[in-house]
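**Q** Protein chains in written order, with numbering that gives the first Met the number 0: chain A, 0 to 538; chain B, 0 to 212.
No lab work stands behind these hints: they were computed from the structure. Just so you know, even glycine gets a beta-carbon here, dropped at the ideal spot from N, CA and C. Keep in mind that the hints are not guaranteed to be accurate.
To be verified - DSBU-like, lysine-lysine: derived pairs with alpha carbons at most 30 angstroms apart:
no., chain 1, residue 1, chain 2, residue 2
1, B, Lys8, B, Lys25
2, B, Lys25, A, Lys132
3, A, Lys132, B, Lys1
4, B, Lys50, B, Lys5
5, A, Lys101, A, Lys130
6, A, Lys414, A, Lys307
7, B, Lys5, A, Lys130
8, B, Lys1, A, Lys130
9, A, Lys130, A, Lys93
10, A, Lys93, A, Lys81
11, A, Lys132, A, Lys81
12, A, Lys101, A, Lys132
13, A, Lys206, B, Lys25
14, B, Lys1, B, Lys50
15, A, Lys94, A, Lys81
16, B, Lys50, B, Lys8
17, B, Lys8, A, Lys307
As the list claims (entries may be wrong) - Pulled from the structure, derived: some chain A residues nowhere near chain B, Cβ distances all over 10 angstroms:
no., residue
18, Ala100
19, Arg139
20, Arg177
21, Thr185
22, Tyr201
23, Gln249
24, Gly341
25, Glu342
Unchecked claim - Some chain B residues near chain A, calculated using beta-carbon distances under 10 angstroms:
no., residue
26, Tyr17
27, Leu18
28, Cys22
29, Gly30
30, Phe54
31, Cys58
32, Gly61
33, Ser66
34, Met67
35, Gln97
36, Arg100
37, Tyr158
Read off the chains here:
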Amino acid sequence: MARDRDREFSEGKGLENLDKDWLLPGEGEERQPAWAARMEEAREKKPDESTPPAEQVEKPRRQGREKTEESGNSASASQESKQRAQEAWAREAKKAEDAAAKEQDEADGAEAKPPKRKPGKPAPKKKSRKKRKSSDQEERRGFVRSLVIAGVCVFLFLMVAVMVVSNFVSHPLLNVPRQFVTRLITPVQNLFSGVTESVADYLRTLKIRGNIEYEYEQLTLLLDDYATQIAQNEELRRINESLYDLLDEQERNRSMNPVAATVIGTDSGNYFSTLTLDVGRANGVEAYMAVVAQGGLVGVTYDVEEYKCQVRCIINSDCTVAALVQSSRDQGSVKGTLGVNGEAMCRMYYLPDNSLPRPGDTVVTSGVGLEFPKGIPIGYIRESTRGMEDNKSYVVLEPVVDFQHLEYVTVYRYKPTYAEPAQQRDTTSASLKIEPLSTPQPIPTFQVGGLSDFLFAPSATPRGNAQLVTPTPTPKPTATPRRTATPDPDATPLPDNLEYKPAENPDNTPTPSPRPTFTPTPSPVPTPDPGAMTVEDDE
Amino acid sequence: MKALIKILKALLITVLAYLVQACVMKYFAIGGISGSVIFAMLAIVTVSLGKKYTFCASCIIGMMMESMLSNVPGMYIIAYPVISMICAQFFADMSDRQRERRRMLNDMRRSRRGEGKGPRRLWNRLTGGYRDGDLPAYLRIVLCAGLMDLIMNIVLIAYMYLIGVDLSFSHFGRAVVSVLYTMALALVLMGPVRYFLGMYPRHGKRIRGGELL
Chain A
0 MARDRDREFS
10 EGKGLENLDK
20 DWLLPGEGEE
30 RQPAWAARME
40 EAREKKPDES
50 TPPAEQVEKP
60 RRQGREKTEE
70 SGNSASASQE
80 SKQRAQEAWA
90 REAKKAEDAA
100 AKEQDEADGA
110 EAKPPKRKPG
120 KPAPKKKSRK
130 KRKSSDQEER
140 RGFVRSLVIA
150 GVCVFLFLMV
160 AVMVVSNFVS
170 HPLLNVPRQF
180 VTRLITPVQN
190 LFSGVTESVA
200 DYLRTLKIRG
210 NIEYEYEQLT
220 LLLDDYATQI
230 AQNEELRRIN
240 ESLYDLLDEQ
250 ERNRSMNPVA
260 ATVIGTDSGN
270 YFSTLTLDVG
280 RANGVEAYMA
290 VVAQGGLVGV
300 TYDVEEYKCQ
310 VRCIINSDCT
320 VAALVQSSRD
330 QGSVKGTLGV
340 NGEAMCRMYY
350 LPDNSLPRPG
360 DTVVTSGVGL
370 EFPKGIPIGY
380 IRESTRGMED
390 NKSYVVLEPV
400 VDFQHLEYVT
410 VYRYKPTYAE
420 PAQQRDTTSA
430 SLKIEPLSTP
440 QPIPTFQVGG
450 LSDFLFAPSA
460 TPRGNAQLVT
470 PTPTPKPTAT
480 PRRTATPDPD
490 ATPLPDNLEY
500 KPAENPDNTP
510 TPSPRPTFTP
520 TPSPVPTPDP
530 GAMTVEDDE
Chain B
0 MKALIKILKA
10 LLITVLAYLV
20 QACVMKYFAI
30 GGISGSVIFA
40 MLAIVTVSLG
50 KKYTFCASCI
60 IGMMMESMLS
70 NVPGMYIIAY
80 PVISMICAQF
90 FADMSDRQRE
100 RRRMLNDMRR
110 SRRGEGKGPR
120 RLWNRLTGGY
130 RDGDLPAYLR
140 IVLCAGLMDL
150 IMNIVLIAYM
160 YLIGVDLSFS
170 HFGRAVVSVL
180 YTMALALVLM
190 GPVRYFLGMY
200 PRHGKRIRGG
210 ELL
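Looking at chain A on its own, in the form it has when it is part of the complex (with noise of 0.2 angstroms):
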């Protein structure tokens, strides 16, 4: 529409065409542009419409005077420079005419652009009033709109007052407002909250898993740690316990001359029994020496170096050791069974027929022959059914040695003094030195109401409270003579220091299980007879 009333003003037809019953008052003077004010000043000031104003012609015919001049040709170049003058003021003409009809667009805002249409042709009058509905009915709506707001802005403003007044005056009407609010909020509050503390909750659960799981790793690492270090206090505890009570045994028969040795290598085969100890020569092991564990004989040394020792263990077959029986003091051989019938247990031969051992009576070393003290225990009698191996009756021992388990035994160094060495024994008859005896023969000393110095050695040592009993010389033929195992003439009475002595509380050493219970053998005891015999004063 706009742009019809330009081209028509460009066109010099004035504003008496238009039309003017749909405009506003005063809409036309509003969007007259100046440049259409300034071309009808221009029109009334030159009615003709072909020539251009005097201003704009005059600045190209001066150019174009002085081009000519400069060219020197004056009559054509005036002819020229009109020409131009006159194009050029068309130019600006369209130019202004297009840029008015572009800022009449702009300032209508959403309307859209006419359709092009012929210069002949009237404008669209329907279209035109329909947008000027249109723009009304968007004037109304922003109107509603901004009443709506300024209406809701107050609305809230008043609340806001209310809420602010209702902390000052108390008023029931004044905290509808806040009870509103408080009603309205509320549940959705509540909602909100359950929602957000299950699901911290959860978070809270999943860290707490995470940590549990960490301590649990942490824990699980920690507990075989534990595992471990229990396992080897119990490793150190049984050594401990080895150890102490072959501590204890050392003790006790420290007389003998006793060396701490670890079995460092075992042959434990069907047919053979060895060990091989740490210690040697340089540690005063010589050959035929006792070794002992557990409180029972293991076996004898052989093979001794400068830094180890071999041990042929008594169930070894080709190890035979001279025993007898604790309780009636039968005397016999023990020799091993490994290579005869592949069982880890030991024989006495050589006992008396008349003797009758009894099941679980201990035999100890003799101490005849080699060179490893008296008393050691070797084993316990399973049976008394004796056997027959060659013509030769047995019975058999169980020892009490366990010999799977042996890490610690101790060696006994003794070396008789006054006994032809074992190793010797076996040589010719005339190198046998037979040293007197301090007393033509033994002679017993009893000791009322306790055992006799023959026996073990714990009761040899005689008690502070004891009375001692001096024999007679000659004991009178009523006195039943006490019977004693037939003292071996190749055997050596021991001095009392040199006699082995067993642990005191018999629970420390290891036994077979079942340990069998057993009653000692009965033997007749002696009698003195007490109008034989004679009490010396102590003065």
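With chain A fixed as given, assemble chain B onto it according to the hints.
**A** Only chain B this time, still in chain A's reference frame:
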């Protein structure tokens, strides 16, 4: 309809900010100091939707805080609208009239003193001298949130001082941490919230108009 949807979105954002502040932010406290989601949201609304939305949202927030979490009678319901409107004066989009006036003033200054040369020109570029329009919206949101929380902390510290509490550096340190936390929250939340409010046009859709409310 679009205006109604926009109003509902703004209301939902407002209520959600209050609920998050009341129920969730206690789990995100840093050293016992929690930021203000409410101020972050108000800053976003201020820059994105204008002063009228800011006023309405701040009034609603103030009423809810006053009704549900009031410690000092009448403080929240006054502080939130006042602080929001103060900051909206600085950080909301300027009107077309104000923008045109500013452009004219800048043209006059340029004609008198020129753009400047060397450091002067660099200084004008950096400080926004002769700027015809607003600062970037993202920067305004963060600064608006920080200023809101700063004013609120100043009000609270002043109140604490007036009731007889000896102020120490810990109070100001807590205020600084709170302001930084709120600015960080605004920085994080501005993207999704502005997207929810329709600030970013989607591809294939043409936004008509663009006027607020």
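**Q** Compare the structure with each hint and give your call.
**A** Hints, verified against the model:
Restraint check for B/Lys8 and B/Lys25: the C-alpha separation of about 25 angstroms stays at or below 30 angstroms, so the hint holds. At most 30 angstroms may separate the alpha-carbon atoms for a hinted pair to count; B/Lys25 and A/Lys132 exceed this at roughly 56 angstroms. Restraint check: the Cα-Cα separation between A/Lys132 and B/Lys1 comes to about 22 angstroms, which is no more than 30 angstroms; the hinted pair holds. Straight-line distance between C-alpha atoms of B/Lys50 and B/Lys5 comes to about 15 angstroms, which keeps the hinted pair within the 30 angstroms bound.
Of the supplied pair hints, the one linking A/Lys101 and A/Lys130 holds, its CA atoms being roughly 19 angstroms apart against a limit of 30 angstroms. In summary, the hint linking A/Lys414 to A/Lys307 is supported, as the alpha carbons are separated by about 19 angstroms, within the 30 angstroms threshold. At roughly 27 angstroms between alpha-carbon atoms, B/Lys5 and A/Lys130 fall within 30 angstroms of each other, so this suggested pair holds. A distance of roughly 22 angstroms separates the Cα atoms of B/Lys1 and A/Lys130; the hinted pair therefore holds under the 30 angstroms criterion.
The suggested pairing of A/Lys130 with A/Lys93 holds, with an alpha-carbon distance near 28 angstroms, which does not exceed 30 angstroms. Restraint check for A/Lys93 and A/Lys81: satisfied, since their Cα atoms lie roughly 19 angstroms apart, inside the 30 angstroms limit. Between the alpha carbons of A/Lys132 and A/Lys81 the distance comes to roughly 50 angstroms, so the proposed pair goes past 30 angstroms and is violated. Restraint check for A/Lys101 and A/Lys132: satisfied, since their Cα atoms lie roughly 23 angstroms apart, inside the 30 angstroms limit.
Taking the CA atoms of A/Lys206 and B/Lys25, the gap is near 17 angstroms; set against the 30 angstroms cutoff, the hint holds. Using a Cα cut-off of 30 angstroms, the hinted pair B/Lys1 and B/Lys50 holds, with the two alpha carbons roughly 19 angstroms apart. This hinted pair checks out: A/Lys94 and A/Lys81 have alpha carbons roughly 20 angstroms apart, not beyond 30 angstroms. Under the criterion of a C-alpha separation no larger than 30 angstroms, the hint pairing B/Lys50 with B/Lys8 is consistent with the structure, at around 16 angstroms.
Note on B/Lys8 and A/Lys307: the hinted pairing is violated, with a Cα-Cα distance of about 97 angstroms set against a maximum of 30 angstroms. With a closest Cβ-Cβ approach of about 23 angstroms to chain B, A/Ala100 is found to remain outside the 10 angstroms limit, as its non-interface label requires. At the 10 angstroms boundary, the C-beta of A/Arg139 stays outside the reach of chain B, the nearest C-beta of that chain being 15 angstroms off. Some Cβ of chain B comes within 10 angstroms of the Cβ of A/Arg177; the nearest lies about 5 angstroms off, and the non-interface call is violated.
Once the 10 angstroms rule is applied to beta carbons, A/Thr185 is inconsistent with being away from chain B; the minimum gap is 8 angstroms. The beta carbon of A/Tyr201 sits about 12 angstroms from the closest Cβ of chain B, which is more than 10 angstroms, so the claim that it is off the interface holds. At roughly 70 angstroms from the closest C-beta of chain B, the C-beta of A/Gln249 stays outside 10 angstroms, upholding its exclusion from the interface. The claim that A/Gly341 lies off the interface holds: its Cβ sits roughly 78 angstroms from the closest Cβ of chain B, which is beyond the 10 angstroms cut-off.
No Cβ of chain B comes within 10 angstroms of the Cβ of A/Glu342; the nearest lies about 77 angstroms off, and the non-interface call holds. Hint status for B/Tyr17: holds, given a least beta-carbon distance of 8 angstroms to chain A, under 10 angstroms. Taking 10 angstroms as the C-beta contact cut-off toward chain A, the hint placing B/Leu18 at the interface holds, the least distance being around 4 angstroms. Of the supplied interface hints, the one on B/Cys22 holds, with its beta-carbon coming within about 4 angstroms of a beta-carbon of chain A, less than 10 angstroms.
Contact between B/Gly30 and chain A, as hinted, is not supported at the beta carbon level, the nearest pair being about 19 angstroms apart and thus beyond 10 angstroms. Residue-level restraint check for B/Phe54 holds (minimum Cβ-Cβ distance to chain A is 6 angstroms; threshold 10 angstroms). Satisfaction of the interface hint for B/Cys58 is found here, the shortest Cβ-Cβ separation to chain A being roughly 4 angstroms, below the 10 angstroms cut-off. For B/Gly61, the suggested interface contact is upheld, since its CB lies about 6 angstroms from the closest CB of chain A, less than 10 angstroms.
At its closest, the beta carbon of B/Ser66 sits 4 angstroms from a beta carbon of chain A; the interface hint therefore holds under the 10 angstroms criterion. A least Cβ separation of about 6 angstroms between B/Met67 and chain A falls short of the 10 angstroms threshold, and the interface hint therefore holds. With a cut of 10 angstroms, the hint placing B/Gln97 at the interface with chain A is violated, because the nearest CB-to-CB distance is about 19 angstroms. For B/Arg100, the shortest C-beta to C-beta distance to chain A is roughly 20 angstroms, which exceeds 10 angstroms, and the interface hint is violated.
Interface restraint check: B/Tyr158 against chain A, minimum CB-CB distance 15 angstroms, threshold 10 angstroms, status violated.
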